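Given two chains presented individually in distinct reference frames, assemble the corresponding complex, making use of the accompanying hints.
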Amino acid sequence: MESFPDVRILKAQAREQFTILLGNFYGKKDLVIDPSLMTVLDRITGLQFLKEKGVDKVYKLEHKEILGGGNKRVYIVRPSVKAMRHIAAHIHSDRRAEKMRAYKIFMVPRCLHVCESILEQEGVFGPNLIEDLNIGFIPLDQDIISLENPALLNSVFMEGDFTWLHTVAHSIVGLQTTFGTIPNVYGQGHAAKIVESLTNTLTSELGEKKSPLQHQIGHLVVLDRDVDYVTPLCSQVTYEGLLDDIFEIKCGVVDFGPEVTKTEKSVKTMLNSEDSLFSEIRDRHFTNVFPYLSARAKEIQANYDKSHSMELKDLKTFVSSELKGLKQEHRSLTLHIGASEVIMKHKTKGSLRRGDLQDILHIEHSLLEGSDFRECVNYIEECIHRQYDMLLTLRLLCLLSCTTSGLLPKDYNNLKHKFLHSYGFEHMLTFFNLKKAGLLTEAQTGKDTSIESNLNKLADSRTVGSAVSYVTSSLAALQKKDWFRTVSKKLSLIPKPGTEYNLKKPSDMAYVFGGAYTPLTCRLVEQAIQRQGWGGLEDVLRHLPGSNFEKLEARSAKAGKSASSGEQASKVALVYFIGGVTYSEVAALRFLAKQKGYRILIATTAIINGNRMLSSFVETVR
Amino acid sequence: MTSVKRQPAPVSQQAEDEYWGGSSFKRFNFDEDDNNEDSIEKIQFDGSTATPLSQKYESTRNHATSYGHGERSYVADTPLSSTPPNRAMSARSHRPNMPKKQQFPPSPATLPAANHEPVKSNNSQHSMSITEAVAVHDKKPITSATSLAQLETEINSLRRQLTQAKRDRAAAPSVSDTLKRVMVGDPYVLELYKSKDEKAKLLDSAINRHDGNAVVAATLFMRDTLKRDIFSKELMSRPVAVDHYCAYLREAGEIDELHETLSALGRTEEAAMLKYKQCLASTATTTPEIRASGLKDCIKYYFDADIRLANDTSAIFEQISMMERQSAVEDGDSAAEKTGQVMVFKSHPRKESIIHKPVIDTLFYCCYYHWGEAEGLLSSPTSIRNQHKISEKQFMFTAVAALCRMRRWRDIENLLTVPRTLFRSSRLQAVIGFDRVVDVLSKNLAPGDALAKYCAEIETSDKRLEMAVKLKCFKVAIDTFVYQRDRQQLMLYLDQIPQANQHMRQYCSNQLRSQEIKWKN
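Line by line, the protein sequences are chains A and B.
Quick note: the first sequence uses full-length UniProt numbering, first residue 1, plus one each step.
Quick note: the second sequence uses full-length UniProt numbering, first residue 1, plus one each step.
Next up, chain B with everything else stripped away, as it sits in the complex (with noise of 0.2 Å):
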């Protein structure tokens, strides 16, 4: 207990010394110390007096190793080390009788005027105790050279223990005490890791233990403090650190960095498909001229150096391509509409811009506005056809429901003619089938004998009766059940003929009198 108490004595030995030695009350420090420490600490510690001084100490220290960085600096500044000299002098000024322990404030916190206040005020008062203590102190004898000696290397201990204490302070808690507390929400400290290899294995334990939060936490720690090479080195060879690496990455948006990682790691369309997003996401309000020379620079410097992206990188020159048109025609249009001359901007108003639009949609539109336009043109179905290699299901299914949409009855009927040949007259067909030219051509609202007309065409006679009575064309429904001969289902299906439509009512009866079929049941 006394020796740690004595603590200060050490520390600022020499200063001690010297003014001590030239004082009259030359063995008096160290008697006083011994005996009268309450009335001092009285005196010291304004209310927190109980708590012994190694106690205060011991618990600073933890607070610098638990909360690091920040406090570190704190403990610093406690007079353990050195007295602060201010306070060293007024202490001797106006002080000479004051035991050393006065210049050892209890915490940082209260070192500034606070604490002096009520010194200066005994000073003055000339408090009992302390006078009291004097006159005891000094009726005492001479101390033995013995004790001197016993002092002496108490002194010494006390010295190497603070030695120790200060390394001790700046000494990293265990990589598990650390993971630990990572884990569960406790504060902790990274900054003590200071050698490479405290690091790595702060690195591997969170990996072992897969905790993610201790693996990014970790991995940036690693980044901040080590040099660039020397971290990318002991990145790369744990995967799972680069998995954690990139997805914080990405959510923190440092891009430059994820790109850099990723081509690192031979990554490459990962690292590519970055490059596309990036650009894509930073031109949505700019200019398709601005977004297309950004595509142009991305396929240079990411996707033509690997083979393996070809088709990517010829989906982007299609992108750029499809731009070009799409700004061109968009502005064309949007002349033309303004000047009020083309009619079918009036009867049709364009609803939205197709710019960054897909493919398809442009084709839509251009279906729907730009219909027989020579191919020459940017605005024509045709060229957009062709240029993008649009199949020929593709382009029908669009095809038919744009120039539905526009009543253009006609037009389809072209469409989904096969011209006349050598061999045979012209005939109606549809590469998707006209089971599917109805359903488009229901869906896109066609009027009756629209549908009625194609749902004729339907090659199966059973796909045929279902869309017929699907979509009420009764006429197509009724014929197809007299070509299946089904006597029974056409006379159920005459109930379903509604009163209103006499008309068909009389074919249907008609057609379960006649004589000329012959009928299966």
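Chain A on its own, in the form it takes in the complex (with noise of 0.2 Å):
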């Protein structure tokens, strides 16, 4: 569809500016990169580019000392204090040992106020030493584009830093003058709230006018991650969420390791549509992988075996045309063959360090009914017996407090003792974090005339009257009980026990978690664009934590002007996940805008699952 936004454009933007800031400091020159950029960096340069900009050598940026070198060097960094002292350290050698050397710091994506002061405490501070690099969105497929900024997760819903969320802003403000300016905007959540409203400071401080293009996506609807926590805790059972479960998709690349190949190499591949046979698959649910990739495994079979029985004319057409794409295809099926196996083997064989991923479906799938209370946390009790892979461990744990708004009490102290002492005592820092983000919550007795109740009331009356921070308030939204179930019920998210799901031809998104469940997120999205707004779902909403808010589209005379090519815009939407999306969510929203006739674009600060989203909230001291 020829109305679609093309994302391309944004990696041509980034590059560009790159490119200029590169220019602008002359000479051969070596690189030092954060290492959490390292990836993305790939993805919008490469090494030959960079070697055309006069790029000498790369090297990572550590807490160590870079020995060789011109003396020209660029520092490419997230705004980041540690970042800041590496550097000042790194000059500070340099000083020592009386080497003169031209410095530049590339922030990405901005400066920092923080940043500077750090540079100007160690004395290192200089003119024209601090650059900022502003990649915004990387766009990891024709319908994806990331911020690739993971780290956005911890600091907005743990710390209740809004830092970041200018950033976020400010990748909506450049997507609005590129493709024109997003009439309808509908959001949940506190932080999408304040991207909203940075969104709108943004735009006229930056002086960007009212884009006088027409614009190409109608609808943007914003949603906070712990909106939904629930969504990225279960396990995936699309073929692109379990690959993303078990190998792991960085920046939209894989890394097949032996396993798969079943050589001594492992293969490096690119995932997105470009490879027909894997935008094909990879957005089906897993039981439906491996019959597809049998029959295609024939049919190229059969497509070789035409070629025994050509005659000679026939065959050099074949060769000079068809070979080529029938090896490609061949080499992608042999990959997916390899991995669909390894998957099978994760699903059926449970090792010394995991459960059957069978077994752990059913658990979480009662646990999102709400059945077999006891039998879940049996099972979970189980996995810290007998010290399963801790962040499963954790994620069931997360996944129980989510669905049922906090542990008892008794469980929870239960769980945790046994927890800390399975995994080390040191998690209890990690339970801390994950109560301050609402992952892991002590449910609030009703009793209110137990000790430890008015002990917190005592507590809190002490603190500053109405000083209730972002933490503490996201903490009490999420207090709300039965949240979930309410939720769940009224959205219809989860189908009556006891009725078939057809997984081969899915009638709606649930089928991304094998019929269980649909996407709390991807339901609110499909009510947003199908309502054009949030109206009649304040029942709903007032549940979720956050506050909702919705922008609309001043409906003049003038509208029916341009009907014909806002028509073609108003099916189009941007989706925006602030702290994350899913390759779930991703092949639900697909799923939705292919059955409604959609086209959904998904933005996000970065593609999560749920073992990279437990893994920022764990302390790892030892």
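Hints are supplied without guarantee of correctness; some may be wrong.
[What the hints assert, rightly or not] Some, not all, of what chain A presents toward chain B, calculated at C-beta under 10 Å:
#: 1; residue: Q48
#: 2; residue: E122
#: 3; residue: V124
#: 4; residue: G126
#: 5; residue: E159
#: 6; residue: A169
#: 7; residue: I194
#: 8; residue: H362
#: 9; residue: G424
#: 10; residue: L429
#: 11; residue: F432
[As the list claims (entries may be wrong)] Below, simulated DSS-like cross-link-like pairs (lysine-lysine); rule was C-alpha separation at most 30 Å, straight line:
#: 12; chain 1: B; residue 1: K300; chain 2: A; residue 2: K410
#: 13; chain 1: B; residue 1: K300; chain 2: A; residue 2: K349
#: 14; chain 1: A; residue 1: K349; chain 2: A; residue 2: K60
#: 15; chain 1: A; residue 1: K347; chain 2: B; residue 2: K393
#: 16; chain 1: B; residue 1: K443; chain 2: B; residue 2: K357
#: 17; chain 1: B; residue 1: K277; chain 2: A; residue 2: K82
#: 18; chain 1: B; residue 1: K233; chain 2: B; residue 2: K166
#: 19; chain 1: A; residue 1: K345; chain 2: A; residue 2: K490
#: 20; chain 1: B; residue 1: K453; chain 2: B; residue 2: K463
#: 21; chain 1: A; residue 1: K345; chain 2: B; residue 2: K463
#: 22; chain 1: A; residue 1: K410; chain 2: B; residue 2: K393
#: 23; chain 1: A; residue 1: K347; chain 2: B; residue 2: K472
#: 24; chain 1: A; residue 1: K104; chain 2: A; residue 2: K250
#: 25; chain 1: A; residue 1: K349; chain 2: B; residue 2: K393
#: 26; chain 1: B; residue 1: K277; chain 2: A; residue 2: K64
#: 27; chain 1: B; residue 1: K393; chain 2: A; residue 2: K345
#: 28; chain 1: A; residue 1: K64; chain 2: A; residue 2: K104
#: 29; chain 1: A; residue 1: K265; chain 2: B; residue 2: K443
#: 30; chain 1: A; residue 1: K268; chain 2: A; residue 2: K349
#: 31; chain 1: A; residue 1: K490; chain 2: A; residue 2: K505
#: 32; chain 1: B; residue 1: K351; chain 2: A; residue 2: K345
I should point out that these hints are in silico values taken from the structure, not numbers from a laboratory.
Every value quoted in this text rests on a predicted model; they were computed, and no experiment measured them.
Cβ coordinates follow ideal geometry from the N, Cα and C atoms, glycine included.
Here it is as structure tokens:
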């Protein structure tokens, strides 16, 4: 569909900016790159590009000296205190060695006050030292764009630090400049609201005029991750989701190890819609992947066989036209069959560190339905007893907490005690972090007479009266009794027990979790686009954390004139996930788009899965 | 235009008057100034003459407000306010006929020698332009009293403007202006917000804008420029600022300040956790003894005070006692290993130290190497189990796995046997269920006969069948089919038994042919 915004332009923009900045620093230079930016830069530039721009050597920014290198050096970093300290240490060591070197620091996406002041304190601040390198969205595919900044989740939803929301807002402003101002905006969540207001402020202050372009995107839905922690906590069962859970997809690239390739080497593969085979299977429920792959394998075999019975003339055309495509498909087919086999192994055979996927799925489904509570708690206990992979255990624990609005104090203390025994006492810090983020909480018992709640009250009254910080207010929001049950009933996220679900021909988005659950976020998106706002959903949104807002296009008489192109745009929606999105949600939204004839562009701060989400809250001191 | 250009006149009025008064060119300077500035400027402003002075001044002033502290000093250096004495001197001695503007350098950057040279050379060569100018001025009539009065008022107004300019230079730009600069990444300066109200306003506006970077900037600025207790008070009344400030402190590693802030806010749990983390991090490479004493201090100062932290406090106590046990066991075992006398360390060499490992890892280790030791010993599994209140199930999982690895089948059997009582003979029983026992054994690579033995004990027949089929315990599977009287399935199962295992195939066929079983199908 030609009206769909072409996001490749975003990559070109980032590249161009990078080119200019590098060009302004004449001559041969070395790069020192923040480890967290490696894959991002890889995605937009590549070594060949850097060489053309006069880059000599590339180093990783670490807490140690870099020996050697030329007399010009460029640091490319996130604006963090740690990175600044490393850079200052490097400069100091050069000074001690009396090495003359020119430095530049490119801050992605912008310089922060603290960075300047650290450099100032360290005595290394200089004119023209810092440049902002505004790398915004990385297009991972034609319908996914990502800021690739997983740290945002922790800083916004645990610390209550809005600094990164500026980047989110800035990216929206950038999109609007390129694709036209988006007329309808709907949002849910604390951070979403802030982003909306920041977007407006930034638009006016950057002097961005209301774009003269006809808008190509009709709707923007902004959602906070903490509106729906449940979805990322579930095991994924779509093909791409499984690949991410088992092999980990980084910036759209997966590294298949020897177990998949069946050779010595591991293979890095881009996963996007350019691989026609992959784009066919990526969003399928896993049970539908293998039959398709084997059918394809037969087809390819047939095509190869065809060549045997060919006349010489036909053979020539076959070799020149079809063979290359066939070979490519063959290669991709081999890889995906290998990957599927590994996934199958995971599914049916647990290991010392992991239970069977089937058992885990069963427990997750019970938790989502709210049935067999004791069985679930017992299973989690067993995970702890058997010292299964910690993130798996933690994921189930958090799912238990999120679906039941916090654990009962008895269970909480019991499970925590056992958890600390199995995984180390230092994880009481992890528990604290998860509590702060609202992922794993202790339910407040109804009885106000208990000593504990009185003590809590006492402590609360001692703190400054109205001073409810973001952190504590988000906790309070999650403690609404049984909110997940209420919401899932009202939005019918969970099918009635006993209904058969046809995974071969899915009829709704729930297929991404084997028909057991429709992702809450995706249902919200569906409703928002369908209803053109939140109207009629008030009693659902009331139960979700954060507040909601909507901004609708003023429907004037003029609207009729541009109806034709506006019509097209009104079918295009941008969905922005603040704090990350999972591949399951992506698959569900693609399904929704196909079903309803929309085009949905997904923007996110990072692609996450349960493990990556939780590991950002895990403390690793030992 | 003229008035601006004459700005220098009032500046060092006193000195000039003195000087000019004593000279024979009494009225000359003013007129000269008026008419002949072009040529003078040519001498003066090497290259950049065209800009009128007023603009220059204006632009430096702008710089000062936007770039702030550093550059403010350079504005002060400009001779607007006072002519540098040495320059006045040199002008006087060398060039008595040189107009005053000479002493008014265009830009501070060009102040030194470079500026003098063209002047000197002009002086020696008596450049045409100046001599001509002097000649022209000599013919001019004496200024009237009215024009003098005019000049007087002009001087006064200029003075006023100057004081105003001086004041402006130090006045802060509006808060919204500064915050806008912060937001879009332009240079800004906060040091000009002197009053407490202005600072507070800055912070509040930053919060209202939701600009995290500006909130941090304003907060840190307040911290640096306000007295401690005033800063705390202002901070505490703004929860959003507190969150950002804490995030900053955490990132910058200002742990003590963070702890103090959290305590002041009554967030004792967070404060205590912070100290606990700091203690662990700082003792990561030290001996367990040092860490233990650190943790004890931690409890004493930060955890004991709050009754809500009772669970965590007892956990840390457990941690300390576990560390003491670990270091004792570790010392004993590594010494024993070194002597080379102890068989078990030879046959099963120790892989890694248990120091700082979780409780269950330690329990596993002790089950592996020290099974059956008396409870009085620190290395005894039973002692760990009792001290840390390890549940029956947990103990089973760990012990079965460890003993299986050690291939101590007899011990596993004992562990899973309920001794004979008055009413019942001894029997096998597992609190975790035999399906779990078999699962643990199979994942620890137990041999077939051990698996079969416990597989047969699995309580429900369905589960038993499932496990038996999965783990290829043929006899158990066949028996279970028989138990379920499921002939059809048993016939199918016969195909799954490999040809090599003739014994089992025979057994299966026998069962199928058996007349004693009442098949259900």
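Going down the list of hints, with the structure as the test:
no.	hint	in the structure
1	Q48	violated, 31 Å
2	E122	violated, 12 Å
3	V124	violated, 16 Å
4	G126	violated, 12 Å
5	E159	holds, 4 Å
6	A169	holds, 9 Å
7	I194	holds, 4 Å
8	H362	violated, 14 Å
9	G424	holds, 4 Å
10	L429	holds, 6 Å
11	F432	holds, 5 Å
12	K300(B) / K410(A)	holds, 26 Å
13	K300(B) / K349(A)	violated, 48 Å
14	K349(A) / K60(A)	violated, 39 Å
15	K347(A) / K393(B)	holds, 26 Å
16	K443(B) / K357(B)	holds, 22 Å
17	K277(B) / K82(A)	holds, 18 Å
18	K233(B) / K166(B)	violated, 34 Å
19	K345(A) / K490(A)	violated, 38 Å
20	K453(B) / K463(B)	holds, 15 Å
21	K345(A) / K463(B)	holds, 21 Å
22	K410(A) / K393(B)	holds, 18 Å
23	K347(A) / K472(B)	holds, 19 Å
24	K104(A) / K250(A)	holds, 28 Å
25	K349(A) / K393(B)	holds, 23 Å
26	K277(B) / K64(A)	holds, 24 Å
27	K393(B) / K345(A)	holds, 28 Å
28	K64(A) / K104(A)	holds, 18 Å
29	K265(A) / K443(B)	holds, 28 Å
30	K268(A) / K349(A)	holds, 26 Å
31	K490(A) / K505(A)	holds, 25 Å
32	K351(B) / K345(A)	holds, 29 Å
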